[in-house]
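With the hints in hand, could you dock these two chains into one complex?
Each chain, letter by letter, is given below.
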Amino acid sequence: GDSVTQMEGPVTLSEEAFLTINCTYTATGYPSLFWYVQYPGEGLQLLLKATKADDKGSNKGFEATYRKETTSFHLEKGSVQVSDSAVYFCALSRGGTSYGKLTFGQGTILTVHP
Amino acid sequence: DGGITQSPKYLFRKEGQNVTLSCEQNLNHDAMYWYRQDPGQGLRLIYYSQIVNDFQKGDIAEGYSVSREKKESFPLTVTSAQKNPTAFYLCASRSSGAGYEQYFGPGTRLTVT
Chain A
18 GDSVTQMEGP VTLSEEAFLT INCTYTATGY PSLFWYVQYP GEGLQLLLKA
68 TKADDKGSNK GFEATYRKET TSFHLEKGSV QVSDSAVYFC ALSRGGTSYG
118 KLTFGQGTIL TVHP
Chain B
2 DGGITQSPKY LFRKEGQNVT LSCEQNLNHD AMYWYRQDPG QGLRLIYYSQ
52 IVNDFQKGDI AEGYSVSREK KESFPLTVTS AQKNPTAFYL CASRSSGAGY
102 EQYFGPGTRL TVT
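Protein sequences appear in the order of chains A and B. In terms of my numbering, the first sequence opens at residue 18 and continues consecutively. In terms of my numbering, the second sequence opens at residue 2 and continues consecutively.
Next up, chain B with everything else stripped away, as it sits in the complex (with noise of 0.2 Å):
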């Protein structure tokens, strides 16, 4: 079956460590995306990337980073420097025709102490 995979679904970590949550999608999507959700609020964009070697910037992008090596995966680093790094994690993807609608995992939640 198609879809996108994140692993894994809890993430326990104490402060001052690096954390890499991974992505993977087997739908043959150009696109990709990591957003935060935090308790009552929607989706913010953390990055994206259209295309394999590139990524943006999107509107939270302090203190995380990521790479786009394959064309699949597009795993997200939190860093130490992420001030309220304990979050729910969402990752999607998106193909480049018409509707422009996004597919997502099934989430990472990432606690943080």
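Pulled out of the complex, with its shape left as it was, chain A reads as follows (with noise of 0.2 Å):
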């Protein structure tokens, strides 16, 4: 079945630093790709997504690129701030018989020091 691996946090960094997320996944088909943001408490945000292979997703300074060869979809930011602490989820959506569902990976934890 399909299935999401995202790497181990908590990823903590410091203001400013550079971010990398690690999301891999398994699924047959051309699966839609997604990144979502949890903060504390609250429901789940659409960060970013990309529908095909080599589409690159962006919002909000996030980037995440569809690599098909290494079913890859890793999500990047150049210079995180504070207010990016938050939970990032990794997922994918295929559409025919799978109604959309959506797929998560664990998440990642993300701090960020001033």
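FYI, nobody ran anything at the bench for these hints, they're computed from the structure. Note that CB positions come from ideal geometry on N, CA and C, so glycine has one too. Check each hint, because a few of them may be wrong.
[As the list claims (entries may be wrong)] Cβ-to-Cβ under 10 Å is the rule here; a few derived chain A residues that face chain B: (1) 21; (2) 53; (3) 59; (4) 108; (5) 119; (6) 121; (7) 122; (8) 124; (9) 128.
Okay, structure coming up:
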């Protein structure tokens, strides 16, 4: 079945540091890929997405590129801020009979210190 | 503003009681989903519904029930048969267009003692 694997956290960085959170997936066909962010006590917010190979999703300084050859969708940001502290989830969805169900990674906790 | 509302934010129940969590959306989305989140874990799918009056079990449906009588509403009942009901519950919806992104509500934290 489908699965998503994220790098284990927690990740602790200083403000303005470079961020990478690794995400790899297993799925048949051509899934859509997503990064969601969750702030403490809140629901998930869509951060960015990519729907086909070599697509780059970007939002709020975050980027991720859909790499089919390595089945990866790593999240990057050039300079993190304290306000980026949150839990980040990588997820995939397939069409067809999967009815748009999302398969999530386990989440990566990011803490950014001033 | 369009969005998804879940109520209440916090819910406390005694063991053995059924409890219903509310989820309403005004995004005109066809599909709706319920997920469970436990500390340090990803989200697990409980139930989903593609259209009114139709729903399917997700990966962890045992001990839960749902209904979909209106497009806007998808309530989740946590029954006394659910062995470990204490968790954070998230509702989501999705349009039928391409891209398949889901939009999430703020969640309900259920504590059963």
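### Satisfaction of the residue 124 of chain A interface hint, Cβ to chain B closer than 10 Å
Hint holds; residue 124 of chain A Cβ to chain B Cβ min 6 Å, cut 10 Å.
### Query
Can we keep the residue 128 of chain A interface hint, with Cβ of chain B closer than 10 Å?
15 Å, violated
### Task
Mind checking the CB of residue 59 of chain A against every CB in chain B and telling me if the closest is under 10 Å?
6 Å, holds
### Task
Classify the hint on residue 121 of chain A as holds or violated, based on whether any CB of chain B lies nearer than 10 Å to its CB.
Holds: closest Cβ of chain B sits about 4 Å from residue 121 of chain A, inside 10 Å.
#### Entry: Restraint check, 10 Å cut-off on beta carbons, for residue 21 of chain A near chain B
8 Å, holds
### Query
Taking the closest Cβ pair, is residue 119 of chain A under 10 Å from chain B?
Holds. Min distance 6 Å.
### Query
Hey, does the residue 53 of chain A contact hint survive, CB to chain B under 10 Å?
Constraint on residue 53 of chain A satisfied, holds at 8 Å.
### Task
Let me know if the C-beta of residue 122 of chain A comes in closer than 10 Å to any C-beta of chain B, holds or violated.
Holds, about 6 Å.
### Message
Tell me if the interface restraint on residue 108 of chain A is satisfied: Cβ within less than 10 Å of some Cβ in chain B.
### Response
8 Å, holds
The structure is inconsistent with hint 9 alone, although it conforms to all the rest.
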